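Protein chains in written order, with UniProt numbering: chain F, 1 to 325; chain Y, 1 to 325; chain G, 1 to 325.
Some hints here could point you the wrong way.
[Claimed, not checked] Below are the DSBU-like pairs computed for lysine-lysine, each with C-alpha atoms no more than 30 Å apart in a straight line:
{"no.": "1", "chain 1": "G", "residue 1": "K228", "chain 2": "G", "residue 2": "K100"}
{"no.": "2", "chain 1": "G", "residue 1": "K100", "chain 2": "Y", "residue 2": "K280"}
{"no.": "3", "chain 1": "F", "residue 1": "K283", "chain 2": "G", "residue 2": "K229"}
{"no.": "4", "chain 1": "F", "residue 1": "K228", "chain 2": "F", "residue 2": "K111"}
{"no.": "5", "chain 1": "Y", "residue 1": "K96", "chain 2": "F", "residue 2": "K111"}
{"no.": "6", "chain 1": "Y", "residue 1": "K298", "chain 2": "G", "residue 2": "K226"}
{"no.": "7", "chain 1": "F", "residue 1": "K228", "chain 2": "G", "residue 2": "K21"}
{"no.": "8", "chain 1": "F", "residue 1": "K95", "chain 2": "Y", "residue 2": "K111"}
{"no.": "9", "chain 1": "G", "residue 1": "K226", "chain 2": "Y", "residue 2": "K228"}
{"no.": "10", "chain 1": "F", "residue 1": "K95", "chain 2": "Y", "residue 2": "K229"}
{"no.": "11", "chain 1": "G", "residue 1": "K134", "chain 2": "G", "residue 2": "K21"}
{"no.": "12", "chain 1": "Y", "residue 1": "K229", "chain 2": "G", "residue 2": "K115"}
{"no.": "13", "chain 1": "Y", "residue 1": "K100", "chain 2": "F", "residue 2": "K95"}
{"no.": "14", "chain 1": "F", "residue 1": "K229", "chain 2": "G", "residue 2": "K21"}
{"no.": "15", "chain 1": "Y", "residue 1": "K141", "chain 2": "Y", "residue 2": "K127"}
{"no.": "16", "chain 1": "Y", "residue 1": "K229", "chain 2": "F", "residue 2": "K280"}
{"no.": "17", "chain 1": "G", "residue 1": "K229", "chain 2": "F", "residue 2": "K280"}
{"no.": "18", "chain 1": "G", "residue 1": "K283", "chain 2": "F", "residue 2": "K228"}
{"no.": "19", "chain 1": "G", "residue 1": "K229", "chain 2": "Y", "residue 2": "K210"}
Since the hints were derived computationally from the structure, they do not count as laboratory data. Predicted, not measured: the structure shown is a model, and the values here were computed from it.
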Amino acid sequence: RIMRPDDANIAGNVHGGTILKMIEEAGAIISTRHCNSQAGEPCVAALARVERTDFLSPMCIGEVANVSAEITYTSRHSVEVQVNVMSENILTGAKKVTNKATLWYVPLSLKNVNKVLEVPPIQYARKEQEDEGKKRYEEQKLDRLETKQRNGDVILPVINPEPHTVGYSQSSLIHLVGPSDCTLLGFVHGGVTMKLMDEVAGIVAARHCKTNIVTASVDAINFHEKIKKGCVITVSGRMTFTSNKSMEIEVFVDADPFVDEPRERYRAVSAFFTYVSLSKEGKPLPVPQLLTETEDEKRRFEEGKGRYLQTKAKRQAQMQQSAQQ
Amino acid sequence: RIMRPDDANIAGNVHGGTILKMIEEAGAIISTRHCNSQAGEPCVAALARVERTDFLSPMCIGEVANVSAEITYTSRHSVEVQVNVMSENILTGAKKVTNKATLWYVPLSLKNVNKVLEVPPIQYARKEQEDEGKKRYEEQKLDRLETKQRNGDVILPVINPEPHTVGYSQSSLIHLVGPSDCTLLGFVHGGVTMKLMDEVAGIVAARHCKTNIVTASVDAINFHEKIKKGCVITVSGRMTFTSNKSMEIEVFVDADPFVDEPRERYRAVSAFFTYVSLSKEGKPLPVPQLLTETEDEKRRFEEGKGRYLQTKAKRQAQMQQSAQQ
Amino acid sequence: RIMRPDDANIAGNVHGGTILKMIEEAGAIISTRHCNSQAGEPCVAALARVERTDFLSPMCIGEVANVSAEITYTSRHSVEVQVNVMSENILTGAKKVTNKATLWYVPLSLKNVNKVLEVPPIQYARKEQEDEGKKRYEEQKLDRLETKQRNGDVILPVINPEPHTVGYSQSSLIHLVGPSDCTLLGFVHGGVTMKLMDEVAGIVAARHCKTNIVTASVDAINFHEKIKKGCVITVSGRMTFTSNKSMEIEVFVDADPFVDEPRERYRAVSAFFTYVSLSKEGKPLPVPQLLTETEDEKRRFEEGKGRYLQTKAKRQAQMQQSAQQ
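One chain only, chain F, in its complex shape:
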């Protein structure tokens, strides 16, 4: 589809959240189709997890986004989908890869939303593909468990914060979940949630550095719990780490089933977004250092630094590998 002014920031760069939403819609279609391809109970595929995603090059207003999706692995109860996004300038014909994302879906029965159904197995061209898929499956399963455990944190408000502190840029929004946010089962599309998360993370980043900012990457996102139509969701973001030219923002999504259900507010999703600041010419700008005040903030800064260095090391290893080939 063509990118519109509403999909982009003032500088004309399409929001990472818009792209994440398109990716998730493509993933939901292909995996729902696959899970219903054999006779049996009808089901809808629900997003369980998105692997770490890099935004390789910015997309602009007027460009056409081409989204393609492929199923790359199936376990007994889950589907791995690989989605690629290309941006195409239809005036010049130039095409660029914008994103490569990996998503995990789980089929839920249309009759009983709490029942996870079985996934029809796919055929692999080579035995190694199945083995590698199984390895990815085991890894993400472990990571999902871990995130669930450290997920109790809350963002407390700060009165009169100093510039460049954590409290200064932290932000939250509330959103009432309407019908067009939802799947056939009446639960929020993962893509809608990710778009709101990117919106909050972008406001945190812009408040911190007061320049034009764009999403550079999103760490793995786990969808721990479904969110129902009619809930109010609170999406909160706080900065955890800054390098010379990037900012890491942690985002939480809490759901509040405040009408006609006796349930308490619960944590539904959490993730780390990385943003960079761009000059008017599109060059990366230096970012003001985050001022940490409390022990918790200092600890989270160090953890963020760890993730940053790990990603940097991985990228260098990949570059050396491709240089050697």
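Fit chains Y and G to the given chain F structure using the hints.
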């Protein structure tokens, strides 16, 4: 893309207007891409005309719309695009053809919006394809001229109208043209206009027969004049004809460039929409006969009857033809 | 236009904010058109104030909203517009008056956004109409000044609040102002702001009473300052008063021009919304009493009570008057 609750009426049938909008977006992308495929002035393809389009089967919420487009003819200054829409129920895997539409686009220069550029010619597999395309091109050109001439009519309000008269169901809406309604050139997408036209036609039809209604077909739509960002457009509809099971509604679009231009309000588009009334089981229902009062209304009713009988005769001829094959 | 699922809450009642947005769009169109009706500098009408508005009967999904607008007074630099909203059930044909609203607009030059232009005078059928209009003009001018003065208040967060306290239900959302929120001048439409205010007020009300709630009325809203594209706006609401069957919520809008402007966050709008709680059959329900804790909360409760009793007295006076006629 997946059809959402907002794309549909209360009974869950997707609005014809939503489908027309998707068709036009696909047509605009493929023809803009084609017209920029040779070095030269960059341009944007603007919709000039949509040929008569039948809605073959209704699409429902939760189904996925697959839209494919192909260039079938090029004249010196225009492109003919054939767009097909399939609806796919991803739970059952069932696919149906929903629409086949033919659209004509004209390339406008990005630098000078009043300059029509030349279209790179396409290659035809067989000589007959080119000849048939040329015939279609000549026919539509003639029809465009004719429509332009009879386009001066206005819809006047009626005080205390009787049920089933023309005045009883006639309706109009106004819409302020915003940035996300527009192309790169700052003119309204043809698809946005068609969606609003379908909305008004649907209200006229529902007011007349007070049941669930769906778009059955749209007669050829000619886009006589561009509409600029910041205009107020008035979309008005009145019923012109009823058969036993269908209603024909004429829709006008008038643009009012009320800021920063000295221009008068002008007629930008007009078209005929045909609606049918459906029971809760999706079966066609009889439609109350339209009561015509003035001479003009009686004349328009007869003209509508002419179009109705002509379409019916064509369809029967086609059915006999395919029965004989 | 037809009311869609997204325009309404779970019970199918259209959000007051959707109606306020349509009212403002109609007002902006008619007053912009009027202010450009004489040769001179082109301009756009900006919303300065909305008078107190009662929601007389709820509108539902599938109904058609008919909005009509008329200019009722012009001063040298402002226009008074009266907007009426009727809801029409197109299946039964039943029509009801939903809203009557009065709005004040000011023409701003398209060339220089800080220049207020002169308004072409309208003709009055009777001299009394002009005198009454002038009286309304003077009254609202006074009220605008007063609100501006008491407008410094902020909503502070509360940790672990008790149910039914002010802190328990208070809510805020942030919104990044995008292109389709804005007029030709690049400033937020008043209607967009009102829709967000109603959204926050509705969440406050629902959090307090945990039932289906609808907007009953909005007190006069003054638009003190324009909000520019690219700003982040924070819309915050807190409950100030409860009667047996209604809740009053105060809503603030603060704008944060955080990119490329050296300006501080400022208060742009504030207003009081009144909500009622409805049973599944649409009958008003009793509302839990608001628990006030601080001196400020007690003072605001008393002020809210004053407004409530004043409105009640006015309504009774009107009913007696119409009974005597």
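Okay, the hints, checked on the actual structure:
In summary, the hint linking G/K228 to G/K100 is supported, as the alpha carbons are separated by about 29 Å, within the 30 Å threshold. Proposed proximity of G/K100 and Y/K280 is contradicted: the alpha carbons are some 36 Å apart, above 30 Å. Distance restraint check for F/K283 and G/K229: the Cα-Cα separation of roughly 23 Å lies within the 30 Å cut-off, and the hinted pair is therefore satisfied. Between F/K228 and F/K111 the alpha-carbon distance is near 16 Å, which keeps this suggested pair within the 30 Å criterion.
Restraint check: the Cα-Cα separation between Y/K96 and F/K111 comes to about 25 Å, which is no more than 30 Å; the hinted pair holds. In summary, the hint linking Y/K298 to G/K226 is not supported, as the alpha carbons are separated by about 53 Å, beyond the 30 Å threshold. The suggested pairing of F/K228 with G/K21 holds, with an alpha-carbon distance near 27 Å, which does not exceed 30 Å. Under the criterion of a C-alpha separation no larger than 30 Å, the hint pairing F/K95 with Y/K111 is consistent with the structure, at around 23 Å.
Note on G/K226 and Y/K228: the hinted pairing holds, with a Cα-Cα distance of about 25 Å set against a maximum of 30 Å. Restraint check for F/K95 and Y/K229: satisfied, since their Cα atoms lie roughly 29 Å apart, inside the 30 Å limit. Only pairs whose Cα atoms come within 30 Å are accepted, and G/K134 paired with G/K21 is accepted, the gap being roughly 26 Å. Using a Cα cut-off of 30 Å, the hinted pair Y/K229 and G/K115 holds, with the two alpha carbons roughly 23 Å apart.
The hinted pair formed by Y/K100 and F/K95 meets the criterion: a straight-line CA distance of about 29 Å does not exceed 30 Å. Proposed proximity of F/K229 and G/K21 is supported: the alpha carbons are some 24 Å apart, at most 30 Å. Proposed proximity of Y/K141 and Y/K127 is supported: the alpha carbons are some 21 Å apart, at most 30 Å. For the given pair, Y/K229 sits about 26 Å from F/K280 by alpha-carbon distance, which is consistent with the 30 Å threshold.
Between G/K229 and F/K280 the CA atoms are separated by roughly 17 Å; this keeps the pair inside 30 Å, and the hint holds. Among the hinted pairs, G/K283 with F/K228 is consistent with the structure: their alpha-carbon atoms are about 26 Å apart, no more than 30 Å. About 43 Å separates the Cα atoms of G/K229 and Y/K210, which puts this hinted pair outside 30 Å; it is violated.
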